[in-house]
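One-letter residues, chain by chain:
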Amino acid sequence: MDLFVENLTVTRGGLPVLEGLEFTLRPGGILILRGPNGSGKTTLLRTLAGLQPPLEGSISLEPEAIAYGAHADGLKATLSVEENLHFWASVYGTHDIAPAVEAFNLKGLLNRASQNLSAGQKRRLGLARLLVTGRPIWLLDEPTVSLDVASVALFADAVRAHVAGGGSALIATHIDMGLEAGIFDVSPFRADPNGAPKVATAFDTDFEGAFE
Amino acid sequence: MDLFVENLTVTRGGLPVLEGLEFTLRPGGILILRGPNGSGKTTLLRTLAGLQPPLEGSISLEPEAIAYGAHADGLKATLSVEENLHFWASVYGTHDIAPAVEAFNLKGLLNRASQNLSAGQKRRLGLARLLVTGRPIWLLDEPTVSLDVASVALFADAVRAHVAGGGSALIATHIDMGLEAGIFDVSPFRADPNGAPKVATAFDTDFEGAFE
Amino acid sequence: MLDLGKYAGAVMSSWGVTILLLVLLGVITWRQSVNARARLKAAEDRRKARNG
Amino acid sequence: MIALLIRDLRLAMRAGGGFGLGLAFFLIVTVLVPFGVGPESATLARIAPGILWVGALLACLLSLDRIFQLDYEDGTLDLLATAPLPMEGAVAVKALAHWLVTGLPLTLSAPVFATLLNLPGTGHIWVFVTLLIGTPALSMIGAFGAALTVGLKRGGLLMSLLVLPLYIPTLIFGAEAATRGTEGMANATPLALMAGITAGSIALLPFAAAAAIRVNLR
Amino acid sequence: MIALLIRDLRLAMRAGGGFGLGLAFFLIVTVLVPFGVGPESATLARIAPGILWVGALLACLLSLDRIFQLDYEDGTLDLLATAPLPMEGAVAVKALAHWLVTGLPLTLSAPVFATLLNLPGTGHIWVFVTLLIGTPALSMIGAFGAALTVGLKRGGLLMSLLVLPLYIPTLIFGAEAATRGTEGMANATPLALMAGITAGSIALLPFAAAAAIRVNLR
Amino acid sequence: MTNAQRTKQADDRWNWLWEWANPVKFMALSGKVLPFAAAIAALTLVPGVIWGFFFTPEADKFGSSVKIIYVHVPTAMMAINIWVMMLVASLIWIVRRHQVSALAAKAAALIGMVMTLAALFTGAIWGEPMWGTYWAWDPRLTSFLILFLFYLGYMALWGAIENPDTAADLTAVLCIVGSVFALLSRYAVNFWNQGLHQGASLSLDKQENVSDVYWFPLVLTLVGFVALFVLLLLIRTRTEVRLRRLHALETRERMIDA
Ligand code: HEM
Ligand SMILES: Nc1ncnc2c1ncn2[C@@H]1O[C@H](COP(=O)(O)OP(=O)(O)OP(=O)(O)O)[C@@H](O)[C@H]1O
Ligand SMILES: Nc1ncnc2c1ncn2[C@@H]1O[C@H](COP(=O)(O)OP(=O)(O)OP(=O)(O)O)[C@@H](O)[C@H]1O
Ligand SMILES: [Mg+2]
Ligand SMILES: [Mg+2]
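Protein chains in written order, with our numbering: chain A, 2 to 213; chain B, 2 to 213; chain C, 854 to 905; chain D, 3 to 220; chain E, 3 to 220; chain F, 9 to 266.
Please note: incorrect hints may appear among the correct ones.
Quick list of simulated restraints, FRET-style, between CB atoms [claimed, not checked]:
#, chain 1, residue 1, chain 2, residue 2, range
1, A, V150, B, G135, 40 to 48 Å
2, C, S886, D, A213, 49 to 57 Å
3, F, N89, B, T95, 54 to 62 Å
4, F, N89, D, L11, 34 to 42 Å
5, A, T25, B, A154, 37 to 45 Å
6, B, T95, E, L110, 35 to 43 Å
7, D, T124, A, E65, 53 to 61 Å
If you are wondering where the hints come from, they were derived from the structure by calculation, not from laboratory data.
Backbone N, C-alpha and C fix where the C-beta goes; we use that ideal spot for every residue, glycine too.
Start from the sequences, fold in the hints, and give me the full structure.
Shown next as structure tokens:
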């Protein structure tokens, strides 16, 4: 499944953050999203995942093809690793958690309550969730935060296996994970807060003179 | 005022994190605290600030000489910058906020509610609080998080002025701020979770045979 | 068997409730004890295994 | 859906999950009222159905912020919104879980607490029946209120204010049916009306609540 | 100290600060009870002082988690603990602020709500007087409960469970004094006892609450 | 003698006692005491209960319902005394920081709550034939209900806090403050309503010689309940010590894995 993004404008708090975005992500492809803090990467990913509507432009896919990995992992502190994974597996109708456990080396932790995991272990569990979704397109927001070097390698392997199987991934990150991937820098698309907006919101158009 | 730390053991969740710490901080001195994530820097600073008791060892100073700057800034979202600063000034019995406003370039923001500040501006306000405490020893936990280059320079200037006036500072940070400072790496003092603890807590001693 | 007259219901049910509660308490205490022993043993074994 | 239900119930049972706290609160309100109004059993018996209803309602109310707030804070709600589960279904299931954890225990224990308020025997039955029919509406309406305030910090009191007016019809019919039943009068009309409210809430409010959550996630 | 008081009051007045929400809750409880209990004015008048007291108590209770929780979450409490302000003083001041924002408005408005419950004229005065003497104890005891649970996520319901039993003596003496006063009987004893509880709470509980906060910050 | 010496000597005099508060020593000693406690409990409780149930006559006013006294009074007394024990243990924890003391208070709470519940239920069941109602807002009954609430809150607070030392401190403070308010409630409730319940003056032992017939088995069951409490308390405290050790080990494991 191809992901085509055309002339997309995303907003935060009612104001455009990124304007006129264009890119394509094909099966087997990896795209790394770059940009300084506050440039709008999270906003873009949330828009693609269908959590917020775009102001303008088109996204070729329904959110049904997408697995979204956010800053927060959505783990329940009092449930065990196994229970957490099983829950997401049944939500997505998959049910087999073994490959995910394998890929992120969670075997020894299966019965540990997730509140007793270290930050890195929690993150690994959060990423294992992606594998049980069974969805082709991964949208990941800084997936390697608080992972050590060995775990980053595990994650890179998982991404490689995923795209080798015909999936694709769009990853916002500040570090280099050693993946062969295209790079998409959002900085050129930043909306200029001083200039005239390319896309006008209702209270942003010609109010010039209206409030004299 | 000298800060002598001798044979200090600090704990987190009931277990020793750093053991046998020794260092001295004299007036006019700056000490940079280094160590990887989770090594116990925050724990050490909180112990020195008197927020938690040490398991063993001595700290030469009463907490009354110390100004503590934590991860969180303690700002009230609905109060303006000026109100926030004034509050802390009256708590510490100083009352003159002008130098702090000056040092961190907050003049133009005085009437802005702190919820409408950007992350970096918030941080500057949090650091300005240190100046209104009037206390000689600063304990700072990653003070430069989310500051841009210009603001880091402002902060470094403030620290230099503080120590030039006979104060001192202990700063946990991962970046280089260009200060002339001693470096204290906590890594060698990490408690070995596998080995026998140097200082035993009640449930941590040798229980061999107790639970047959 | 003992004839308790018109108070039979009251006597039997209050004794019954008390005994039931105490038995429950005993069972809970016992189960918690067994559980704690097992979990602690597992943890101590893990520790010994680590320390060689 | 079943997975979500099981998860919510499991979470409630685990330490700190809040199972039983609603019940404890109900008990305490029931105990407080006699301290306030005095111990005469005739007075207490008269106001007992009303007090039990108000107590059950408040206990429900105070546990509402657990429905979505924790899931919002730890990011689960974001992930659920992108999962192949209609948000309407998720809301309905979560309201059901809330009812099973709060409303049902309240209903089951109400006859015991009714004893504390010296309610006569027939009253026990009617309090039980009316609560059984009415508490699902309380959970569903509450879930709607919780959905409206899910993005707010410490939104609890505000949510109470939003939800309480919505609870009033259920309360009126429920307490009326219970009081009339206790006094041996006909109470089919208020019962039917309350059942109608419950059915209507369950049929329609999940859509409103799901819409509110989607807006709050944006 | 004064600075802390002014800050807390100012925060309460700002948008989202919660001033008035306690009052609104009080109003709603007072309105709900007639719906639950039925509208006969004789019954209502009898139970009015008790209901007003229970309502005031619940309104107090629901606003308690604002006393320390927000300061804990944004790090202010850490900084206050290292500031040259004894924690005991800070606790007392915050309890005072809570009373000014919640207890005092409740007291002032109670006579108005008493009218809704058909309480006769003398009753208005006694409800007012007893609430005036009693609500400071509610705020102080509540601050203690809030201090115990300040480290917990969503600890509100647990806090209610801890605080409500501690409220019982105040409630009994307060409601008793109000009822007796309304009926024209002597009520000096319960009034004196309630005043004693208020004085004792204010004198001693700040120490316990400060100790609890220090433990929670550890 | 200087003050320091005096404290030192006092310390020495009581050291033998405080040493048992060390978890390892406690486990060793309690392990040995356990069988004896079990034996004493069995030897007093079983005869006492059988005597009370089968071999006591009917009383004038009470009829055969007097037999309820053998479950009602012991549970009621234990309910109060266990709270007092928890208060003492909490004070010891706050003053001397002996871990076992805090854990013993935690272990006792569930027993106390069950005793309170049993006293409430048996009393209510007895009330129906005697006073014609299961429940009246009698001061003694009411203060028991309040005691139940205190147990509930105390246990809920233990359950809600993760760090065991924090939990021990906070529950101890709650127990101490709660005791004061429980006492206040007792007076408040007395003031608020006059009761139906038997006063201690009516206690059966003070009446003529018949009362001995009830009194001896009652004393035996009372002793039996105390022994049962000690037994359960030892088992539960041992469990809590184990769980506390387990917590320490698991925290350590987490530090290793991190
Ligand atoms: C839920 C209801 C009841 C509760 C909570 C309750 C509670 C208590 C308590 C706390 C004691 C004191 C134990 C002590 O410290 O010596 C006690 C003793 C006693 N109760 Fe009850 N009671 C209840 C109902 C009844 C009823 C209905 C009767 C019978 C009419 C009754 C008869 C007695 C007797 C004979 C004693 C022993 C008095 C003495 O020797 O001091 N109780 N009860
Ligand atoms: N709740 C909010 N309301 C209004 N504006 C917001 C809100 N959250 C973020 N913003 C603003 O929206 C812009 C884009 O934020 P976004 O989180 O998308 O950035 P990002 O590229 O993901 O940054 P980072 O690398 O720090 O994660 C920022 O300028 C930020 O200040
Ligand atoms: N609430 C807690 N309970 C138990 N252990 C904790 C808790 N918080 C942190 N820890 C553990 O204590 C250790 C020290 O943490 P600390 O926050 O002092 O590290 P740090 O050096 O400040 O790290 P960072 O650079 O990430 O701020 C870590 O191993 C951490 O896992
Ligand atoms: Mg981001
Ligand atoms: Mg840190």
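Taking 34 to 42 Å as the hint, is the beta-carbon distance of N89/F and L11/D inside that range? holds, 38 Å
Do the Cβ positions of N89/F and T95/B conform to the proposed distance bound of 54 to 62 Å? With a Cβ separation near 55 Å, N89/F and T95/B satisfy 54 to 62 Å, so the hint holds.
Can you let me know if the beta-carbon spacing of T25/A and A154/B is within 37 to 45 Å? Cβ of T25/A to Cβ of A154/B: about 42 Å, so the range 37 to 45 Å holds.
Falls inside 35 to 43 Å, the C-beta gap from T95/B to L110/E? holds, 37 Å
Are S886/C and A213/D spaced within 49 to 57 Å by their CB atoms? Given a distance of about 51 Å, which is inside 49 to 57 Å, the answer is holds.
Distance restraint evaluation - V150/A, G135/B, Cβ atoms, bounds 40 to 48 Å: holds, 45 Å
Do the beta carbons of T124/D and E65/A sit within 53 to 61 Å of each other? holds, 55 Å
In the structure shown, no violation is registered for any of the earlier numbered hints.
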